[in-house]
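Protein chains: 2
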Amino acid sequence: MSFTAFIFDVVSDTIYPARITVENGIFTEVTPISVNSLTDVDVKGLMVPGFIDSHIHIESSMISPAQFAKIAVRHGTTAVVCDPHEIANVLGIEGVEAMIENAKQVPFNFYFAAPSCVPATPFETSGAVLDSSDIEYLIKKDEIVALGEMMNFPGVINGDEEVLRKLEIARQYGKPIDGHAPGLSNQDLDKYLAQGISTDHECSTVTEALEKKMKGMKIMVRDGSSAMDMEGLFDIDEGQREIENPESLGPLYKDIFERRIYSPLFDFIVSDDKHPSDLIEGHLNLSVRKAVDLGIDVLKAINMVTINPAYHYCLNCGAIVEGAQADYIIVDSIYDCNVLATYIGGECVYDGENVLFDVPDFNAKNTINASKKTASDFDIHYDGEECEVNVIECSDGDLLTKKATAKLKVKNGVVQSDIVQDVLKIAVVERYGGNTISNGFIKGFCLRKGAIASSVAHDSHNIIVVGYNSEMMAQAVNQVIDDHGGISVVSEDFTDSLPLPIAGLMSNEDVYDVAEKLSELHDLTAALGCTLKSPFMTMAFMALLVIPSIKISDKGLFDGDEFEFMDVIIN
Amino acid sequence: MSFTAFIFDVVSDTIYPARITVENGIFTEVTPISVNSLTDVDVKGLMVPGFIDSHIHIESSMISPAQFAKIAVRHGTTAVVCDPHEIANVLGIEGVEAMIENAKQVPFNFYFAAPSCVPATPFETSGAVLDSSDIEYLIKKDEIVALGEMMNFPGVINGDEEVLRKLEIARQYGKPIDGHAPGLSNQDLDKYLAQGISTDHECSTVTEALEKKMKGMKIMVRDGSSAMDMEGLFDIDEGQREIENPESLGPLYKDIFERRIYSPLFDFIVSDDKHPSDLIEGHLNLSVRKAVDLGIDVLKAINMVTINPAYHYCLNCGAIVEGAQADYIIVDSIYDCNVLATYIGGECVYDGENVLFDVPDFNAKNTINASKKTASDFDIHYDGEECEVNVIECSDGDLLTKKATAKLKVKNGVVQSDIVQDVLKIAVVERYGGNTISNGFIKGFCLRKGAIASSVAHDSHNIIVVGYNSEMMAQAVNQVIDDHGGISVVSEDFTDSLPLPIAGLMSNEDVYDVAEKLSELHDLTAALGCTLKSPFMTMAFMALLVIPSIKISDKGLFDGDEFEFMDVIIN
Numbered sequence: 012m013s014f015t016a017f018i019f020d021v022v023s024d025t026i027y028p029a030r031i032t033v034e035n036g037i038f039t040e041v042t043p044i045s046v047n048s049l050t051d052v053d054v055k056g057l058m059v060p061g062f063i064d065s066h067i068h069i070e071s072s073m074i075s076p077a078q079f080a081k082i083a084v085r086h087g088t089t090a091v092v093c094d095p096h097e098i099a100n101v102l103g104i105e106g107v108e109a110m111i112e113n114a115k116q117v118p119f120n121f122y123f124a125a126p127s128c129v130p131a132t133p134f135e136t137s138g139a140v141l142d143s144s145d146i147e148y149l150i151k152k153d154e155i156v157a158l159g160e161m162m163n164f165p166g167v168i169n170g171d172e173e174v175l176r177k178l179e180i181a182r183q184y185g186k187p188i189d190g191h192a193p194g195l196s197n198q199d200l201d202k203y204l205a206q207g208i209s210t211d212h213e214c215s216t217v218t219e220a221l222e223k224k225m226k227g228m229k230i231m232v233r234d235g236s237s238a239m240d241m242e243g244l245f246d247i248d249e250g251q252r253e254i255e256n257p258e259s260l261g262p263l264y265k266d267i268f269e270r271r272i273y274s275p276l277f278d279f280i281v282s283d284d285k286h287p288s289d290l291i292e293g294h295l296n297l298s299v300r301k302a303v304d305l306g307i308d309v310l311k312a313i314n315m316v317t318i319n320p321a322y323h324y325c326l327n328c329g330a331i332v333e334g335a336q337a338d339y340i341i342v343d344s345i346y347d348c349n350v351l352a353t354y355i356g357g358e359c360v361y362d363g364e365n366v367l368f369d370v371p372d373f374n375a376k377n378t379i380n381a382s383k384k385t386a387s388d389f390d391i392h393y394d395g396e397e398c399e400v401n402v403i404e405c406s407d408g409d410l411l412t413k414k415a416t417a418k419l420k421v422k423n424g425v426v427q428s429d430i431v432q433d434v435l436k437i438a439v440v441e442r443y444g445g446n447t448i449s450n451g452f453i454k455g456f457c458l459r460k461g462a463i464a465s466s467v468a469h470d471s472h473n474i475i476v477v478g479y480n481s482e483m484m485a486q487a488v489n490q491v492i493d494d495h496g497g498i499s500v501v502s503e504d505f506t507d508s509l510p511l512p513i514a515g516l517m518s519n520e521d522v523y524d525v526a527e528k529l530s531e532l533h534d535l536t537a538a539l540g541c542t543l544k545s546p547f548m549t550m551a552f553m554a555l556l557v558i559p560s561i562k563i564s565d566k567g568l569f570d571g572d573e574f575e576f577m578d579v580i581i582n
Numbered sequence: 012m013s014f015t016a017f018i019f020d021v022v023s024d025t026i027y028p029a030r031i032t033v034e035n036g037i038f039t040e041v042t043p044i045s046v047n048s049l050t051d052v053d054v055k056g057l058m059v060p061g062f063i064d065s066h067i068h069i070e071s072s073m074i075s076p077a078q079f080a081k082i083a084v085r086h087g088t089t090a091v092v093c094d095p096h097e098i099a100n101v102l103g104i105e106g107v108e109a110m111i112e113n114a115k116q117v118p119f120n121f122y123f124a125a126p127s128c129v130p131a132t133p134f135e136t137s138g139a140v141l142d143s144s145d146i147e148y149l150i151k152k153d154e155i156v157a158l159g160e161m162m163n164f165p166g167v168i169n170g171d172e173e174v175l176r177k178l179e180i181a182r183q184y185g186k187p188i189d190g191h192a193p194g195l196s197n198q199d200l201d202k203y204l205a206q207g208i209s210t211d212h213e214c215s216t217v218t219e220a221l222e223k224k225m226k227g228m229k230i231m232v233r234d235g236s237s238a239m240d241m242e243g244l245f246d247i248d249e250g251q252r253e254i255e256n257p258e259s260l261g262p263l264y265k266d267i268f269e270r271r272i273y274s275p276l277f278d279f280i281v282s283d284d285k286h287p288s289d290l291i292e293g294h295l296n297l298s299v300r301k302a303v304d305l306g307i308d309v310l311k312a313i314n315m316v317t318i319n320p321a322y323h324y325c326l327n328c329g330a331i332v333e334g335a336q337a338d339y340i341i342v343d344s345i346y347d348c349n350v351l352a353t354y355i356g357g358e359c360v361y362d363g364e365n366v367l368f369d370v371p372d373f374n375a376k377n378t379i380n381a382s383k384k385t386a387s388d389f390d391i392h393y394d395g396e397e398c399e400v401n402v403i404e405c406s407d408g409d410l411l412t413k414k415a416t417a418k419l420k421v422k423n424g425v426v427q428s429d430i431v432q433d434v435l436k437i438a439v440v441e442r443y444g445g446n447t448i449s450n451g452f453i454k455g456f457c458l459r460k461g462a463i464a465s466s467v468a469h470d471s472h473n474i475i476v477v478g479y480n481s482e483m484m485a486q487a488v489n490q491v492i493d494d495h496g497g498i499s500v501v502s503e504d505f506t507d508s509l510p511l512p513i514a515g516l517m518s519n520e521d522v523y524d525v526a527e528k529l530s531e532l533h534d535l536t537a538a539l540g541c542t543l544k545s546p547f548m549t550m551a552f553m554a555l556l557v558i559p560s561i562k563i564s565d566k567g568l569f570d571g572d573e574f575e576f577m578d579v580i581i582n
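Residue numbers (my numbering), protein chains in the order written: chain A, 12 to 582; chain B, 12 to 582.
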């Protein structure tokens, strides 16, 4: 196949008309041409390499990799480097391999990172452990292009043997190591970097990004559904207030802080997490536009989602050059990035209207190994009329929580929730066959009745439930068990759910159906009195022990500051 | 030699610390590193590839190539692609070879373009003709990397055989062909491009640049001493007014005109001509800053003076990559581009204070082959008391002139100049042994007495002189002859001159001395009443026949609209 088009050459950062030949999915000719008349160019619009999201957890989109591909190509994405960290916590190597298998069924470039931190902590029951020998097994695979984000930075800094071994394996096999080090700086950062960790997507201020950049990290600007750091990264005034010693920040300080020249600071634009409703709206195409509005040159922004990730992860795509895989998109304008068509390996996969490939189901076994619950499983007993308890105080969409306390009434020996104080019951139900339950209290959801439950509960993905009373909680959890995983909302008046039968995390339905059902569940939760905009996401973070200050696992209430369990009942 | 530094990697457009090793003038190691502490980096400041001016006529700086190198390295320039078009008009192949020879004496990367249009027209006497066989002789040389700007676009469009032969030779030897096509568009531009002409530095509006870009040309933004197109190229409002058919302008139209995204439009930043006083102030370092202020991303601007020209002209420099020549500079900030040091082939040539190499003289023979003149040589005779004459009307620094007429008094049979009407005498004295003189009249200089003369007179560089009367003109011309070329200012009260003994175009003195002398001559010319800011440059353009409307050569007064000679005296 040969044709002429105006191409954006991300190597020379220029745009010119070229004759393109694609054979067996590869660009075999890219020759600049002089055109005799503009109307002679075959392709209407501008030909740009397909976009690459270099850090994403597909599980957050609640759809299978194949379904993800189907929506992503509409937005010009042709490749992702995805870290199947969530499914690995549920199914271990088997989960990672199942993701790879499903991904292979569709014409889309899925590259994978080997999840480096499974489980996240020893204070919870996860479905699997990936030790260094598992990492070695995974990292040998062609589909695995990196070691996934090393969230256990205390382990790196303190020289945890198993952590260092994983890092060593990645280096040994020549695969880059992704970082995850929010707020890390100075000597601790130096120790972290000395292990060869090369990217970071957790910077939330320009100063943090600058220190990491100047120490050799590649900086990922994150524009995702849960964490949106973009504006903060461009906030010079805020950044400047934090700086104690400008000279230590190296030669970019002056350009960035005095001239507001941002482009040298950033290397990639990534999403990290993309929720179904956001994914319908757009992907990196929207992020590029946002980056340009914030002060990044449009060519540089495109580089951040094409050649830069391709170069870093050694992917044979991301540029319209001879020898590269023919992954490209046609856009109306480089800024607007409205996608007129998407090609992968030279084949049209999206023609501006329809996606031209079929999506096979992800063959998922039931991973919810938990017996049905009764109301009494969620009772917290106390001998007295009133008791003081520790309470998790959460806020909308925030990973951080505050420690609170409350005095609650006791009825028939069971501590009661209190809608006047907005203290509800929360529980984590172990789903990996152990059938344990830990109960506690939470403030912030404002449910007046009913309960919500979910098998999406970072990072171990046990079943988490928040409710007004034990009956409703049992009903919500049982619905999730019946669905083989998912999200449920129940009350005396109704029961509804989004089944997520793939590891309790993902659906085989398409993103439009999943987003619609999720929206219905949000509406039902609001009808129960909940004032949070993202009740399911907020609930999912309540089991994420590594982020302070107070969380809950299937093993008990957890003090994230002291990194130890704490009692629910104070006296 | 090994060291660590923060480098600007123009391939990936990112900045990171790296270990650099230079052996035998070549980068043999460029390894990204994580630094354990910022203070450990050896180089203070940012390491950037040395800048490349991809289109310059060194003769306009009035100094030898070696002297040019000495000032250029102070501004971070380490390479030029220079077109020795001026000296070729005087000395032909011998001149080009002498430039190459002098250039080799200093540690600086001089690349040359073979002058394509010598002489510019058959309506003047030049010192040399470069026909297609001469071009073939030159283009085979390693030092010659391109065919110089093809100014004879009518010749290309009309299929002049000798012109086409020169273009064919360049293609045959695989050397790029530079363009020069002000205002060329539509079918004429298509014909021009069909010959493989690949660059243009003559765009003065964004619309002109966009059409050329969309037809495959690489666009040079010119920021020189004579022509400063930069602001015009970024003037969207002006550009938009000119556009008849936006759709015909291809996929960049929307980005540029609706979003003011300029960076995809431009490929190089060049100076074309740099006068001595401007060259003291700065070179591409200043142009980069200006481009950023006008809306180009700083990384893209740096690309335009490093990797883009290196890639286009196949130069082994312009990037800090293994295998490339170790030409680099240390700057304080990528925007300010204050040069702290300059290295060529790994050797320090400028340490922030001193230039660390010696400058040998350009061995120049006398090229002024003209007999001494007497006043009567400049007399224009008329039999009568008053006569009407055609007059060149010029304006400051403008290549374009207007046709004017004037009635002048005649005294003793000789037509007199008239300071009330500001009609002075102008003459071109043939310097190549023919000893002819052509006389005429000019308006715009406002000299009240005395005369100025120069052997810099585009493109044939005969001696041009403007004066109040014949005596002074003879004296000014004779001073130029005595100096073996140069610029002179004379009056009854004083005689002063800047000798330019290298082909009558350049000096062996350094740029500071040349600029100082030139400034003195400007002051003296002003003292004679001249109101032009650039009297010598303006005078030099009066012999440039290819730019309308009325010019003068050694063969007579010339009608640039009709492309034929015209009479001085109307009746």
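Please keep in mind that the hints were generated in silico from the structure rather than gathered at the bench. By construction, the Cβ of each residue, glycine as well, lies at the ideal position given by its N, Cα and C atoms. Hints are not guaranteed to be accurate.
Below, in silico cross-link-like pairs of lysine-lysine (BS3-like), each with a Cα-Cα straight-line distance of 25 Å or less [what the hints assert, rightly or not]:
no. : chain 1 : residue 1 : chain 2 : residue 2
1   : A       : K383      : A       : K418
2   : A       : K301      : B       : K55
3   : B       : K55       : A       : K265
4   : B       : K265      : A       : K55
With the C-beta cut set under 8 Å, the calculated list includes, among others, these residues of chain A facing chain B [as the list claims (entries may be wrong)]:
no. : residue
5   : G36
6   : G227
7   : P262
A short list of chain A residues far from chain B (calculated; beta carbon distances all over 12 Å) [claimed, not checked]:
no. : residue
8   : D24
9   : K151
10  : Y203
11  : D266
12  : F277
13  : D304
14  : N319
15  : H323
16  : D347
17  : G356
18  : D372
19  : S387
ask   = Looking back at the numbered hints, which does the structure fail to meet, lowest number first?
value = Going through the list in order, the structure violates hints 1, 2, 5, 8, 10, 11, 12, 13, 14, 15 and 16 and respects the others.
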